[in-house]
Structure formats: structure tokens, C-alpha cells
Amino acid sequence: MEEAVDEPAWRGNPPSVVAVIVSRNGERWLPQALASLGTLDHLPSRWVAVDVSSTDNSAVLLNEALGQEHVVTAPVTHGFGQSVRQALEAVDRTDWIWLLHDDAVVDPRALSALLDEATSSADIAVVGPKIREWPSLRRLLEVGVTITSTGSRETGLETGEPDAGQHDWARDVLAVSTAGMLIRRDVWDELGGFDDELPFFFDDIDFGWRVARAGYRTRIAPTAVIFHAEASRRRVRARDSSASEQRGAALYTILANESGPRFWWQSVRLLFGSVLRLLAYLILKDPRSARGQAAALQSVYGSPRRMLRARRRRRKTAKRKRRSFASLFAPSWLPYVHEFDVLAESLRAMVRPESVQTIGRRSASESILDEDDVIVEDVPWWQRRRWAGTILAFTVLSYIAARGVLSPRLSSLVLPPAPARLGDWWSGLFERTHDVGLGSADWPASYLIPLATASTPTWFAPGFATWVLLVFAGPLGALTAHRTGRLLTDHRRIRMVWAVSYGLIIIASGAVVQGRLGTVVVLIIAPILLNVALRLAVEPTWPMTFQLAIWIAIAASFAPISILLIAVGFLAAAVVNLKMMARHGISFLLGAALAGPWTWGRLSEPSSWWWEAGRLVAAPARAIEVVAGQGGGPGTGPLAAGLVVTALGVLALIPAHTRVPVSICWAVAIGAMASVALGTVIGVSATTEGQRLDAWVGLGAAVWLASLSTAVMFAAPEIVSYGRPITVILIAVALVFPVATTVWWTLRGIDDPLTTEVVPEVPSYLADLNYTTAIVTGNIDDGGQVRVVTGQGPNLGQESMMPPAALSNEFLATMQRLVAQPTTEDLSILAGLGIDAIYAPDADVEIQRRLDSASGLSVSGSDVPGSRVWILNATDEQTNVTNLAQAPASRPWLVTAWLFAWAAVAIGAVPVRRTEEIES
Amino acid sequence: MNAGRRAERPAGRRVARPSRSARQRSPFALSPRWLFPVIAAVLVSAIYFVPSTQEQGDAQPLSVPVQTTTYGCPLIEGTQMVAGQITAGDSASAVSLPEGELIDDLSDATVWRTTESAPRAVVLTQDGDQSGALGFVYGTAAEDAGQGLVYARCPGIVDEAWFLGLGSADRHFSHLELINLGQDRAVVDLSLWSQSGAIDAVDATGLVIEPGERRRVALQDLAAGESSLALQVLRRRGAVGAVALDLGTGDTLQGTEWQPSSIPPAERVLVSGIADFSDRVLMVVNPGTVTAHVTGSVLAAEGTFVAEGLDELAIEPGTVREIVVPESVNISDGNLMIESDEPITAVVRSRNGNDFSYGTAVAPLTGPALVPIDDLSPRLVLSAIGAEASVRVELFDAQMNVLNSQELPIVEGGSVTVSPGDIADGARYAVLTPTGEVAGGAVYQDGDAVAAFGLTSAPIDNLAPQLSLR
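First to last, the protein sequences are chains F and X.
Start counting the first sequence at 1; every next residue gets the next number (the working numbering).
Start counting the second sequence at 1; every next residue gets the next number (the working numbering).
Worth flagging that the hints you see were computed from the coordinates, not collected in a lab.
Cβ atoms here follow ideal geometry from the backbone N, Cα and C, with glycine treated the same way.
Some hints here could point you the wrong way.
Restraint-style ranges between C-beta atoms, simulated for each label pair [stated by the list, open to error]:
#1 863/F x 185/X: 21 to 27 Å
#2 38/X x 343/F: 24 to 30 Å
#3 873/F x 51/X: 41 to 47 Å
#4 825/F x 236/X: 22 to 28 Å
#5 460/F x 51/X: 24 to 30 Å
#6 460/F x 213/X: 20 to 26 Å
#7 198/X x 824/F: 47 to 53 Å
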């Protein structure tokens, strides 16, 4: 009795089922596929096989297994649906049709489980099995399938997701694969089977969609399992197919089945979407897919009659509105996730040049996990994934150290705040007149292009990218260093210590705390640049050439001095091997060109070489600080720790076996130190005639220490030969820098002078009134500085905008006279230059008194103790600014061309995309 | 590329295994790679020894030519104003306050010119490149104003002015004359010290002088009944000139004097323009909080001599002290140097029964100075404060033609006395051009009537910070 209760009802009166096997050149899989059919616990009542003009032994195998009378031959032009239809004509009518592929093995319970589900409700018309991968047998391929609104086939599974029963519940789905699909015969007849317009792609989804519209249900029966080799998808089975077929089928399926206003919306959306895809494929240098998109558009939108016929046919059988089965479709956001995946993968490929080819969405994704990590069960993950754990800890410590600057709008004396709106960065690129200070017609800062691009995804917080770069400079630097470290050493632990030390060198240089974005960015990308340069030497491809050009351009944009260091490095390498460096030369020239007029201007004047992104602020550094890898000023790391690295760098010269790489590191270090010495001698100034200030040499100092640290990394394996006591001592010494710097950095934090408060350079009310204010500092004996700010001061990117020389000179001469003996005439000139106020934050008392006595200057209040403000009492006529600096009308066009050049090189840098043919 | 791997497995790669002799060689043996630290040391040494970029380019103050000069003369009855310049100016504009009427007599910037006597204030603005415009008030005050002789320089814009010897008792009336030289409201703070300490005067701070206003502040309104006051005028904003009108009509003090500002307190001040009377009183103010120990010495014709009776004088903090200069101290041909361990400033009041004058603390001349001659030729006493110096005295007529000149050497720490009237007749003014560190004063005497003032440079140049654009 109990058995009778467990037995499904259909067992007593089994429905008739015809199994239809469609085969084409499947001799490789057919023996096992046919053999598996023999193991079924419930056999179909009839068998029929269709051989689609196979050129191998498929027909023979089918004849031997099923008998000649159960095998029909279809012409090669037949698609899957036509083949099935031909097969059905050859056999008696049954209740159900079970479709099978020649590269699919069935589980013994497959058919019975399908029938269990199929007979559980009267409105079930189609049932599909859970499909697992053959030969792995463990990975899931499909548990039902649906379509996204952009026409992608969506399984809802992760790539390579193993089957652990996580999807084992029967449910309604939009469609199931034709491999193992069980179809009610009457519904098949009612709907006319598969659409002949979809011979290979999307025939299953189209059929499922029509089934749903007709008021029937498609179910997945996870207890029914088949194992599918996906021979066509994996290109194991050759088939002539055009790139347009799949996309055309997707467009056809959506437009043929959508109804009402949604049809028109999708018609427009898919048209534009396909055009965008076409462009994207061109960018990804995949012309075949691009052609496919174009052909698909032509085939669907160019044949309106075909579409009308398809829609007319479907209207006849449609009984339900789409909204009644809308839940069966993929979520609306899913396509965008997929597009993001593609974008992220392309970027990842640029950052990690070792992954030279991509295979589209969900390609083999590399993570921060170290592939050398040995996976040992039963130990905590952080021991199994040591590098991932290290980076996670580094990131957490970074966040802790950033406790004082958690708002993503950083600023400091050096770093102006990001604008409130991202659009200001983009629009600023095209301005002919920059409303900064006295007005400027300068070229926009080169680094705005990569910075604005990187900030665009977080348009609601333009300063977020800057915040991430500064706050997580350590982990980011460690990540890029570790990635490059794989090219340099096989020793995992040494590499990890070196990479972390590199990240800490960035922090200890003082660049982070002072907000020296240029140094931080260059140090973060320097390992990538090295990585690409090394790979380009052994693998001279154009994408790699363009990648190197991009990184050079970014480095030069953020810190112009870096391009000179790169040039010296390349020249030195060219002396050794000129031929190998040919591509590097191209990359260098391309990168230098891409850096644009702003950078060229900086490079044309030696006193501007050391002026990086941000305000020009003097940074006196002592010699001992430089030796310790520091640029001087606030926020530099423990001096002794840096000196320890230098000392170890000297000791690294001892081992004879590693003298070559260590010597190379020392050569780089010497180059960096030479740049520091040069910077110390030349100094830095905003203009040729401007006062020379102590240049920030933190970049060179950090490169010096990083090079010595790399030398230590090379020499480290050799110390084992010196005996255990010495080894232990040297290891302990080598850990002094990372440990001491980490403790110092975590305890100190990275705030002060870095802050999240946007402190106006002028008293708040002047900023609120958007006054143009001349700021005077200094005293009579030592000289003073004067600068002009508009509103609260320049945003990041505007700080380097200088007025034309004539205007500057006129302003400076006027201010000079004004602080000597103010006259109304001078005040009129100032008003004509657009100056509204004069602000002396800490000016000499004598200067204050002189300005106090000026007729036409009204003393105003200041919210900063010890400072003075004077407002110009100017008439409208006086304030009529006539000599405003303005760039030529061609400027916006030239900037557009500049942006296109960046885009073109970026496209060239994207690794070649390998198309994967997907076939159902 | 993978050096670490190469280092780890040298045998499996092409890297040559070191020869036996190499293995036996000391790792510190001379090798080219050891040049790297040497080169690095050289570079670091260069960084160490190269001076800071900012140190290299210390911005020296700039001398900026004065283009416009403004000064004001608050006249009293019996006095008139004379205006002149070192070189001819482009234009001059003199207006009377508070009427705002133009005074044509003073509008020619190419001559030495005089106004008629009138009790009014005059503000004169003169344009011209390094014109060096100066104005003076001179004459004899009316009877109710002490009937004393007045010769004084019209004040320009003051930042900080110090006046000593003022009083508000025994028919000794002192006034502070403030005149707004600009077009905006001016504000000053006043501070007073007496012999008994600092005075917390009411309404002494935030005094507002409206544009076009001349304000006379009676010291008895601030500190009544004080016989010896020191007054500091600190300009807070605006353009304001200040001069002290000191007059006496009683037995203790008789006469009139326009006292120009003394220099702010310093540890070394030269009091110059001391009239050769027997009744001389040194007045010293110590505005600080520590007792100042003061010593006086005379910069006489032959050199510097300690002034007997003026050594080791203690000035209590925040007080004014009057010290009678002994008759034995001869200052007739010299100036008085006061040195202190704390910042002080000082004047010397000389008087006879009918008039008095002040020798005031002056700064060394930084350029040419003007001295009006008119009917009275002053006695100029010029001192070389440091090393030996010289002064060129040029005399001009009213049309600014040179009449004669004389070069006067001054010995180190010594003084020279000259009367311009002895150099040329008919001169209206003298231009004194110093070489070296020179300071001095002018004393005018007409019988018992006396007037004096310390010399100050004409406004030719102004020191300004060397500005750079950032």
C-alpha cells in the first residue's frame, strides 16, 4: 500500500513519449549518449533519431542503436526545429515529445522525473531537466533559462557553479533547453513547434515564451538530470555559423513576442543598444562581433514583413498578458551588471597586463588571491589566503588611519578640494576662460582627464576617487607592487613583505598626509608601468604599447617630473638593447603627446618640473629625510625605519649571485636620488620669474627607497647561506620598516594637514560672496607672496591656472605699489582687474598699516584671528573688467581632439577580445 | 626578468656559477657595484650642502618710488604754512578743512610756496615721481596760544606716533591734533602714561575721524591734572596725521610748540633738535612692564661723551620720568643719545621764561631731508650715529634754484652744527642729503622765542616687500 502511495499516478497508466534525438556529426559523443538511454528506468514508448546530414559515422551509430527504421535523415539546411518536425512526421503521435541532443548523456531517472513533474498539473506543457556539464558532471549549466531585456540568454548561474543541490526545487521558468526538453504533443501542435526562423539560437526561449503566452507553464524538474557536452558552444563540433545569428535571434525573439507599447519601446531600445554594442565591439577590437551586430540589425529591422508574420502567428496562440508571467524574465538591472562585468574585465586586463586576452563576460576572473596560495582545508582562510588576508588587514588599517578624514572631500594646503559637481571638471576642460583668480586662458590640467574619468562612476561624490587614492594609497600600492613582484621573485613571503613595504613607502614619504596626489598616483601606478614595460620588452604587441603609453601619460599628467625619470630609464635600457626598446620609444612619445599642452608647459620650464597636481607649496627636505625616502614636511614616517631600509639596500650589494638585479635597482635608486638633488638645486616656481620655493622631492625620495627595498628583495634569498643567526637578525631588521611604519601610521592617522573640511582660503563671507580676492602674505624684510582666488579658492585642477603674463605683471606691479604706498589710482587698476578684496592672513603689520591708510579700501571683518580684510570701494565703471584672458575659439575643439586621442589610445590599449560562440 | 628565481636556482639557468676564486673572494672586494653607494653619498652630500632654494633667493625689500604724497597741517592763529619738495612735482592740490576749498597758493608743485596765516587745516596732496613733498607750519602763535615760536613739519600718515612732555595742569595745555588725510573714515587708539603710571583714559580708543575732519583732542579731557604725559597714537584704520600742540600760559611753562612725533620706543634713540637753554628736562617713557635702565650720552662735535648725571637712570615700567639735564652737560653742538635695556622713547624740553621747544627722538635719515629757512635760519645739528658720515647741504630759492651747497663731514659718533643762512643768502629752504647713518634736528631761535623739530626724510621711496605671484 505504501509503495502505491509513493508511486506517481502516471506509472499506472504511463503516457506515451517519443524520444527525438537530433544528431549532426556527433560520433564522438553518440556511443555514450545512446548507451545512457539504455539505462533509463522508464523508457520512452517510441524512438526516432534525425541525422542532419552528418559527415561522420553518426548515422551508422544511430542505425545500429535504434534500427534503421527509427532514423530519418534531414538535409543540412535544416535547423533544430525543422529536424524535430521531420522526425515527428516519421512516428506515430504520442502524448509527449522528449528532445535529446547527440552530445547529452541522460541520468537513469531523467525521463521518469520529467514525467513526474509534467503530470503534476494539467497546465504544464513543457518540462526541462537540470543540465550539468559533461565531462565534469559537477558543474551546472542550466536549471531553466530566461532572457534579459537586452537580449542576453540568462541562466542565473555563476560560471562554473558546482551543483550542490542549491537549485533543486521544481519551479516555473520561462524556458528550458532543448536538450532534454519534454513537450506536450498537443501544445506542440497548437504552437506549431519551434520557429523555423530560429534554427539554432533562442528557439528554446522563443518556444517557452509562446508557451507562457498561450497559457501553459514551463517547469524545471531538477531531479531529472542530463549531462551536456555543449559541443557546439565549446567549438568542439564545427559548424558554419555567422556572428550575427545569435544576436539576430535574440532581437527576433524579443520583438516577435513582445506586445503592446512594450514592443515599440523594445524596438527603439534594442536598436540603440545594438548600435552601442557595435561600437563597444569596435573598441574591444572584435570586428567579427561588430559585424555580427550590424548584420543582426539588418536581418531584423531590415525585414519588417518577416517580423509581421512572426508576430501575427504568435498573436493567434496568445492568451495571456505578459505581466501575468513577467516574473519569469530576468531582472531589469541584470544587463547592466553584465555590461559592467565586460568593462571591469577590460580594465582589469589593462591593470594586469599578464592577462592579455579576454573572452568576454565572466571570463576567467583573477582576484587578489595569490595563485601560489596553497589551499589547505581545515585552516582559517586568512592562513590559506595569506596575501588576501594581508591586503584585507592593510585595507582595514588604512580605514582606521583615515578616521579623521572619512568624508570623501579631502583638501589640504597642497590639495584643493574637488568641485561640488563632477560636471565642473568636465566643463572646465572646454572653457576658454577659467574664472580663477585674475582669469586664465591656460590649458586645463592634464590630470583632470584621467581623474574626471575615474570619478565619473561616482558622479554624486566627485572627490571619492581622490579619497580612495589617498586613503588606500598603501593597499593599492601594495597590490600593484605584488602583482609586479611576481615577475621579479618566486619567493612568496619575501614578495609579500616587499609589496607591503612598498605601500608603506608611499605613506611614509609624507605624500598622503600632505595630500600630494601626484606623488601618490605615480607611486601607485609605477609598479604597473614597470610591469607593462617589462612585458612589452618580451611581448611587443600594440595593445601593450598603448597600455604603456597610457600609464606614461597618466604619470606625466599627475607629476611631470616622472616622465623625465621614465625617459632616463628608457634611454639607459636602450643603450643596453636598442632593438628591444623600440616599442618603448613609441609608447613614450605617445604618452608624452597624450599628456598634453599642460604637461608640456610644465616640462618646458625646469622650475616647474617638480610642480605636481595640487597647489605649489614649499617642501624643504633635509638630506637625511631624503635618504629615508621622505619628502619633508608634515606626516612623514619614522626616519630611522627608512634609514634601516637604506642600510639594508647597501648590504644587498654583498651577495654575488644577485649582483645584476641589485645593481639595476641601485641604478634606478641613483637616478631617483639625482632627480632629488636636481630638484633641490633648481627649486620650483609657478612662473619663470616667480619666487623659487623648495621643491617637493618626495616622489624621487620614495622611488629611491623603493628601489633599495627591491634590491633587498632580490638579495634576501641569499642570506640563508650566511647561517641561521645572521638570517634571523637580518629578517628582524628587514621587518623594522613595515612594522614601525605601520604602528606610526595607524596611531597617527593621515589627517592634519589633510582634512575633510573645505577651508576657504579667504574668510567665509568673501567665499560666499564669490569675491575675487588678492591674498597677500609675507613681510617687507623677507618678501611676500600674492595670489588671487575667486570664491573659496580653486578646486582641484584649477590651482595651476595662471593669468596671462601681461596681466600678471600688471597686477604684481600694482600690488607692489599698493603695499609700498597705496593710491586710489592703483586701487582703480585692481578693480579693473576684477579684484574685489584684499586679504592678509598673516601679513606684516607694516603692510597692514599701509593698506589701512588707503583711500578706497574699506577695512572689513575677518573670521580668521590675526588676519585683515579690505574691500575695494570701486565704482561699476572701475570694476568693468575688459582685459579678460580668453583662449582662441579653437580651444574647445582642440580639447575635444585631445580627449579623442586619450580615448583612441585607451581603445588601442584594451586587450584583443576573443569572441566565444554561444550555441544552444 | 625573474631575477629572484634566477637567484634561487642558479644552476638551472644560464647564470654562471661563480668560480672558486670568486667564491673565495670577500664580498666586500672592490667591485664596480660598490660605486653605487659612493655615487649616492655624493648626491646626498650635494643635497646637504646646497642651500635651500628659498635661502638662495631671499627677497630683499624693494625701494618703490613714491608717486603721491599727502600731508596735513592743522594751523592755528598766527601761523602759516609753507610747502615744498625735493624735486618739482607734477601737480598739487591743497584743500582747507572742513570747507574743502582749494587753496590756489599751494597748488604749484614746482616752487616753494607759502600760504597766508589763517586758523585752518590744510590737506595737501602732491603727485610726482619721487617729488619728496613736505610741508611745514611756522609763525608765532597768538597770545592766548602761548605766543611762542612755531616751526614744525606737517604730519603725513602716521602709523604710530609718540608725544612726550604734554600736560594738563598748571596752565599747561596740550592738544592732540588729528587730521583725516584720506577719503575714508579713520580710527585711532590713544594710550597715555603719566609719572605715576599708565592712564586708563575714557573714550581713548576707537576715536573716529571722519573724512575731511580735523579733530583737536584736549588732553585734559582724557587725563586732567597731569603735568607730564606721554601719548601714543595708534592708527587702526584710515589715513590720519597727528601732531601735538603744546602750549603754556603760566609761570611753569610759557610758550607754544608743535611737537612732531617721536619714534616708537626702542633700546637706542637719538633725541635731536635740542635748544641751547639752561633749563632742559629729559622726559623718558617706558611703556613696557620691566624697569628700564637708561644712560644718556652726547654726540658732540668731537665725538661721543657720557652725559654726566644721565647715567644709570631707572625708569619704572609704565611710567614717564622727567630728569633735569645738568647744566654741565653741553648739548649746544650735539644731540643726545639715550640707550636703554628696555624699549623707551624720549624728548628733551628746553625752555626759557618765554618759550620752549622739544628735541624729539628721531630715526636716521634714509634720504634727503628738507628744512625751511624763511626769515629765520635754523641751527642744524647733525650726528653720525655710527661710523663717520657726511651731509651735503644745498640751499635753494623759492623757484627751486640752487644757491649754494656745502659738504659737511661728521666724525664717528660726533656731530656737526651748521646754520644754512651762513652758506647762502636768500635761501628759502635747504636740502640735506646724508651719506652714512645720520640723524639730526633743526632749532629756530628768535630772541627768547624758540622752536625745534627733528629731521625726517622726505618721502622719496618706500620700502616694500618683494612680492611674487603664486
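Status of each hint after checking the structure:
| no. | hint | in the structure |
| --- | --- | --- |
| 1 | 863/F x 185/X: 21 to 27 Å | holds, 22 Å |
| 2 | 38/X x 343/F: 24 to 30 Å | violated, 50 Å |
| 3 | 873/F x 51/X: 41 to 47 Å | holds, 44 Å |
| 4 | 825/F x 236/X: 22 to 28 Å | holds, 25 Å |
| 5 | 460/F x 51/X: 24 to 30 Å | violated, 49 Å |
| 6 | 460/F x 213/X: 20 to 26 Å | violated, 58 Å |
| 7 | 198/X x 824/F: 47 to 53 Å | violated, 38 Å |
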